[in-house]
Amino acid sequence: FDKAQTVDPEVRAHVYSLVTALGGTEADEAGSYVLGDDALACLRDLKRWLKLYDEKNNRLDVARCLAEANLVNGDLLPILAAWTEDSNNNRAKARLALACLELLVPLTWPLEHAGGMTVNHHRHTPYIQQAHVRYKAGTLCYGRASILRTIVRIGLPSIATSKDDRTSRDEGIIKLMLYFFRNISIITPLPNLPSQGLDDEISRSATIEAFRQQDVFALLLTMCSNMGEDFNLQDVIVLEIIFNLIKGVNVEKLFMNEEQRKIQKTTELKDVLGKERAMHRDYAKIAPTRHGRFGTMIWVKREDEKVSAISGQDNLKDGRNSLLKMDKSKKWSKPQQRRKDLDHSIYDFDHSVPLTADASELLRNFVEEFLDSGFNPLFTHLRKAIEREADRLLDINYRQFFYTVSWFLQAEKCRRARQEKDRKNQKVQTDFEAESYGLVAAVLNQETFITLNRYMQTSFDNKEWQDLNASMRCFTQILLTVQEMAQSSLEEDQEIADNIQNRIFYEETTHDRIVNILKGYKDQGFGYLDACTELSHVFLRMLERYSKENADLQIRSRRRARRKKKEQQTTQNGENEEADDDDDDVRSENEDIAEAAQVSRERKFDFTRFAAKFTSQSSVNTLVAFTAFYRDLSIDQLKRAHRFFYRVAFKQELAVLLFRVDIIALFYQLIKGPEGLDRSNAMYKEWDELVRQVLKKMFKKLEQRPELIVEMLFSKIRATLYYLEYGHERQTVSST
Amino acid sequence: DNKENTDLLGLDEEVKIVKKRKPVAKLDEARLLSQPGIPKLRALARSGSIASKLRLKGKGHEYSDAAKLLGYYQLWLDNLYPKAKFADGLQLVEKVGHGKMMQAMRKEWIDEGKPGHGTG
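Residue numbers (the numbering used here), protein chains in the order written: chain A, 1 to 736; chain B, 1 to 120.
The hints are simulated quantities; they were obtained by calculation from the structure and are not laboratory data. Take every hint as true, because none was put in to throw you off.
A partial selection of chain A residues facing chain B, derived with a Cβ cut-off under 10 Å:
hint, residue
1, R302
2, K306
3, S308
4, R320
5, K331
6, W332
7, R660
8, D662
9, V691
10, M698
11, E707
12, L708
13, M712
14, S715
15, T720
Backbone N, C-alpha and C fix where the C-beta goes; we use that ideal spot for every residue, glycine too.
Please put together the full structure from these sequences, using the hints given.
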């Protein structure tokens, strides 16, 4: 490996000479940074190099050289630190600071090349990503001076001028400043690169603390609450910053107070220890009681005078165990499709991020202030931009928008719950004014629903699963918020909630979409699985309740118009106009229109019919895939799966769908192990009862219809499903 | 002349020996429908009481009975296709069941169990 060969030596020489000419630490002046004579020109030259060499030729050579020369931590940050607040009016220094920022932004820009990576990119990307980590660590913990605040100061004059007076240069400066914060918020240590020992310095907690202490939060709040008035085009970058700060943060934990968090932590620790103990206990049951070379061997007798041999004393007492051991000793396993490694993308939001207690406190304050002032203006503005399909929006921003909305809706819910609790604890105010949901009204209007629905449908059609994941979460949170609104003590809120529910449940296309999403799960990952099962659970339950309360619920259903009718019409038309020569064109056009047209009409909503759609073999498969994670599921998630299977087996009377060997094996393992559900788990009892009932039903069915023993191997087909369940054919009303 | 003769006989030509790979055993329709496959299960179904054959204990012993049933399936699958683990084998079998012919046969098997089948 030769360092000189990674980059063209001449380029390296040019860049290095510029970095050297920029300045350096002076031994005479106690090691402080002294600028070179032509520092500003050097900075501008470096910028030109980045632009005209790297960007133009689509290489990363200059960025690599600058990383090796330690430009950011060695020069740019000291220069910025030297621009102290009392030299605010020093124009030369201000210009220098701006020039530094102009370099910092491209140097910290996230590297995401979807396609079209050249050899160069492959060579430099890991090195530069490591350099990013050092840049971020340097920026957040730069000893004496606060770099972030300095950068806010660069932007302040431009922000202070009113929107109409801003020049394009002002707009550019604001943009640069925001992009820098965005870049800083994105940088994380990469899971597949060696750690540099800076993980704590650049963690999410450290970022949040620095953002708070150095007034970036204040800036963000100001911009959000004035979005649409003083600020216009910056909404997307602000969204990105906020998205990167909150993604993966557990909302419920964030809104716990100190005491609860302590309790939570101890219970978590207790849970984990309990789990470990249970694991040991499970193992102790089958662990050998004698040394490893004791050499027991047993025969398992099978039919037709066949035997299989297994070794190990643990097999002596337990027949089931020996069967499992036989299975385990097989070497071949079915080749599995690997998912693409999406999880390391910077737009991923399914990975939970832990926060320190201090950082949670700070972030919570920010979130509460944001909800109070910035939520409505920012999201209204963004939603309008999305409707217009504004140029500044990238595809990824839509996903960020929906995820952020869902996160903040959940935050608002948690905050309310917390306030309620505090109020109850204090018992001071008995008659308080219930707060209205006006704070989050911006996302509870018809326009948002239309946007959301359209986005869900397109991402489902285009198989953009992460996008769909974000919009499902958003829809779930909207449903939950509306549900809470309906229980509010304010009459106005109840009325609004009723209206919203009416609108949500009015369109049959929404119902069908949710059913289809649940059915369509294949291998989109656990986050997606969690989101789609949660959505269908919440949707189904709310719809059930709503249709009970409003017995005369009408829905608009769209059906393909009957073809026959159209054909008749067109032939009639054709007979009338047969004389015309151009007629053919007209007719085919008519036909096209007729085919494309869909009849929409209203009909009474029938919940049982809808629920029947939900309980199909493919949705059972989805829930089975979900339940297979039972060891890691929370109480709520286990409950969700439990309710679904309960509905299938006992409400819809389709337990036949569950009579499949793999499902029965999963259920059995869940209760009886090995590696079953922990007995102290709150859901253990309910699951135990459910599985027992399902098994009972199954043996009864096997007795009645022995054919089932074959059919248990397969997913059931529609033709035989009804017979298997009821023992007779479905009575169909013949229409004569 | 000599040359032609040898050519005709093909004595000078080198004989290439291509080693053929052993065909990989597959769990396909044919295997599933062979004697140790579904017919064996059907024989069990027709034999009257599954419960007595598998020595199931009935009411109150759901879990131990389920373990026996699962064990039966496991040994059945191991006999049919020894290569695959239980869970993998079940997936393979399930997939074979999606074929058009299999679906028709499955329907027929069930129809045979219906009351009045064969008489009307």
